[in-house]
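> Given the coordinates of chain R, work out where chain G should sit on it, guided by the hints.
Protein chains in written order, with numbering that gives the first Met the number 0: chain R, 0 to 164; chain G, 0 to 164.
Among the hints, erroneous ones may be present.
A pair counts as met if it fits within one copy or between any two copies, since identical chains are not told apart.
What the hints assert, rightly or not - Straight-line alpha carbon distances no greater than 30 Å define the calculated DSBU-like cross-link-like pairs of lysine-lysine that follow:
(1) Lys40 with Lys74
(2) Lys109 with Lys40
(3) Lys37 with Lys100
Everything labelled a hint here was simulated from the structure, so no lab data went into it. Remember, predicted model here, so these are calculated numbers, not experimental data.
Number of protein chains: 2
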Amino acid sequence: MKKIFIIITISIIVSLVGCNTKQSETAMEQKTEPIFPKGEKVTNNNFSGTVYLHMMGAGDTALHTSFGNVTFEPKARTNWHSHPGGQILFITEGQGYYQAKGHPAQPLRKGDVVEIPRNVVHWHGAAPDSEFAHLAVSLNTDDGGAVWSGSVTDEEYNQAKKFEK
Amino acid sequence: MKKIFIIITISIIVSLVGCNTKQSETAMEQKTEPIFPKGEKVTNNNFSGTVYLHMMGAGDTALHTSFGNVTFEPKARTNWHSHPGGQILFITEGQGYYQAKGHPAQPLRKGDVVEIPRNVVHWHGAAPDSEFAHLAVSLNTDDGGAVWSGSVTDEEYNQAKKFEK
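Same shape as in the complex, but just chain R (with noise of 0.2 Å):
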């Protein structure tokens, strides 16, 4: 009779060992899907790091926008910028910072929105320990496109981790 206990604890070990990496497997691959496509990846000047680009639109200039999807991969980042018609960046995957010249960085994360006024100078990028992805909506392009200026230091990025949500 003990025998038989044993056997059947065994048994279910097994199975249920077996079950639960299949569980976290599966929980992993839904995790790191994107919902928009990575593109290619930068290889201008204006980031720093691995940077992946996905224009989208048809270009429809009479909307005086322009849209896609950025990937940073873990501590990727924009240099300093600006937009004269403002930007929208809605969070899509993992963590990492916005941060507006001259304030705190801002820590964000997957569903949250960042509304950039018109000429405000700042950066934005991945958390040191997690790929980050956003759309990236300019508006009022008409006004003109992008204004770039120096990159990000490692000690502004390292300033910008002391604000971790």
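Below, chain G alone, put in the same frame as chain R:
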């Protein structure tokens, strides 16, 4: 010996049935978890069915935009309407349709984007068997807000279903 084999088999089956139930529940939760807040139920007459709206942004009027997250229950849809300044839809959940007046309906699913030109009369809404959510970014709002028209009849909606992906 045969008895022991039967006991092992029953134990494994019982364990796996339990674990598969847990797995499908997990998958369901992750599949239906929205990225952006669902907001409040819409009570005006510009929609058919049950629709939720969460407006976003600090309302910086200098940006000439308004934006929010719209969630449609199955079969729910907007009335026919147009935007003097145009609008962008970013589909974040489920499946639905976009139809411009006089054109076939376009099936939409998570990850799709629609660039709606200025003054084009159209509707958007959920598929019959799926919830549907999109970010809606209205552009150039200094040219005027949405112009609403009549509801999308069941006949018009059923025509749209013929263009399922």
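> Hint by hint, say whether it matches the structure.
Against the structure, the hints:
no. : hint              : in the structure
1   : Lys40 with Lys74  : within (15 Å within a copy, 39 Å between copies)
2   : Lys109 with Lys40 : both (22 Å within a copy, 23 Å between copies)
3   : Lys37 with Lys100 : within (28 Å within a copy, 32 Å between copies)
Consistency with the previously given hints is maintained throughout, with no hint failing.
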